[in-house]
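From first to last, the protein sequence lines are chains A and B.
Mapped onto our numbering, the consecutive letters of the first sequence carry residue numbers 1 to 111.
Mapped onto our numbering, the consecutive letters of the second sequence carry residue numbers 1 to 280.
Everything labelled a hint here was simulated from the structure, so no lab data went into it.
Certain hints may be false.
With the C-beta cut set under 10 Å, the calculated list includes, among others, these residues of chain B facing chain A [said to hold, decoys possible]:
1) T199
2) G254
3) E257
4) W260
5) E272
In the DMTMM-like style, the derived pairs of lysine to aspartate or glutamate whose C-alpha atoms are separated by at most 25 Å in a straight line are [said to hold, decoys possible]:
6) B:K212 - A:D90
7) B:K212 - A:E40
8) B:K108 - A:E40
9) B:K68 - A:D90
10) A:K34 - B:E272
Given the structure is predicted, the values throughout are model-derived calculations rather than measurements.
No residue lacks a Cβ here, since even glycine has one placed at the ideal position from N, Cα and C.
Here are the chains, one letter per residue:
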Amino acid sequence: MSEPYELLALTEVTPGMVLSHELLDTNGLVLLAKGAVLSEATLASLARHGIEAVPVTRGGEKAVAAPDPHAIQARLDYLFRHNDREDHNDWATGLLRQYIEDYRLEREVAP
Amino acid sequence: MNTLHLEELANKLEDLPSLPAVVMELLSVIDQEDADISVLAKKVALDQALTAKTLRLANSSVFGLQVKVTTIQQAMTFLGFQTTRNLITAAATTGCFPSRRCPGFNDKAFWRHSIATAACARILARRVRFNQDYAFTAGLLHDIGRLVLVTGFPNHYQSVLSRRSRDDNELLAAERAVIGIDHVAAGVALAQHWNFSDTMRQAIAWHHEPEKPGAGFLATIVHVANAVAHALDLAGETEEMVPVVSSIAWTAMGLTEEAWLHAFRETEHQYEEMAAILMA
């Protein structure tokens, strides 16, 4: 028995959705396997192949646990462990560190 | 553990896998305006695996082609000779070195980091209006000296890795302490052996010291791209570490925070696509 699925217009598919059926191109060649997770890059690629509709698993946004900010911060602290925040000479590394933190923790950034 | 000498290194280079002859030829016509493109395209096309990888790269969303290319000749027409040549080089080098020679050396992580650096370098080059193709290739090959050491002296390099892990310091320090040669010197030796342009060789030589007079702007770009690649944690290396970023190099990029965040996002996207193709 097949899983419940819906056929969405490509423009309605959001990254993280899962392909419910094998996707073929106009020559019958397999573009993507069933169960493939659709990333932004993949969706852009499908658009270029002229794909207009995509069957996705219903209610099937891949259950990604919301990333734990503490875990993210801990990893970042580890990555930048040789950067001393108090060392003003190392300000460039410090700035990279701050921007990466803002990026990973999805903070609002002034334009 | 004995230290190595540059002579031993030079001897080992002879034993290394060489790039396919056609790639060597492509690299040697780097500056020639009138290189016979169609002849070269035909030679590359004889290597199916190389052609397939190159075309997949060309058709990835990274290069924004409106039309899907199905031959090397077409790729050269739509992307230009330089870009295509660099894609071919990328496809060839990533397939070139034997893996799993040295326990403790993570081949996959090495290439993931190299591809991430290449992606970032290309994105930064566009922003500072530098040649994106040079930046991409230099980013991809900046640490190639590590592969020379790993392939030629696996036992020595295993000691280096243990030392680095124990001291948790920069790789260069561990290399110099244990074997007396570092991956920069090995990379420069390989660049000469494979007949890379001066521009490329300099970027490999100075990407850790971009402030050195005569290092060249490409070294600055690769230096920053390398740091960003480490910071984005894309290699999947447990003991990943962000190196010191040169303030002069950072300032030279001239990006606002918003622009940096955009660059991080673009780097991650392009890295995912290219890694899937190059490491298939």
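Taking the hints in turn, this is what the structure says about them:
Proximity of T199 (chain B) to chain A is violated relative to the hint, the smallest CB-CB distance being about 24 Å (cut-off 10 Å). Look at G254 (chain B): its Cβ only gets to about 13 Å from chain A, farther than 10 Å, so that hint breaks. Nearest Cβ of chain A to the Cβ of E257 (chain B): about 5 Å, under the 10 Å cut. The hint holds. With a least beta-carbon distance of about 5 Å to chain A, the hint placing W260 (chain B) at the interface is held under the 10 Å criterion.
Annotation: E272 (chain B) was flagged as interfacial toward chain A, and the flag holds, the nearest CB pair being 6 Å apart, inside 10 Å. Proposed proximity of K212 (chain B) and D90 (chain A) is supported: the alpha carbons are some 18 Å apart, at most 25 Å. Under the criterion of a C-alpha separation no larger than 25 Å, the hint pairing K212 (chain B) with E40 (chain A) is inconsistent with the structure, at around 40 Å. Restraint check for K108 (chain B) and E40 (chain A): satisfied, since their Cα atoms lie roughly 23 Å apart, inside the 25 Å limit.
At roughly 46 Å between alpha-carbon atoms, K68 (chain B) and D90 (chain A) are farther apart than 25 Å, so this suggested pair is violated. Using a Cα cut-off of 25 Å, the hinted pair K34 (chain A) and E272 (chain B) holds, with the two alpha carbons roughly 20 Å apart.
Violated hints for the displayed structure, listed by number in ascending order: 1, 2, 7, 9.
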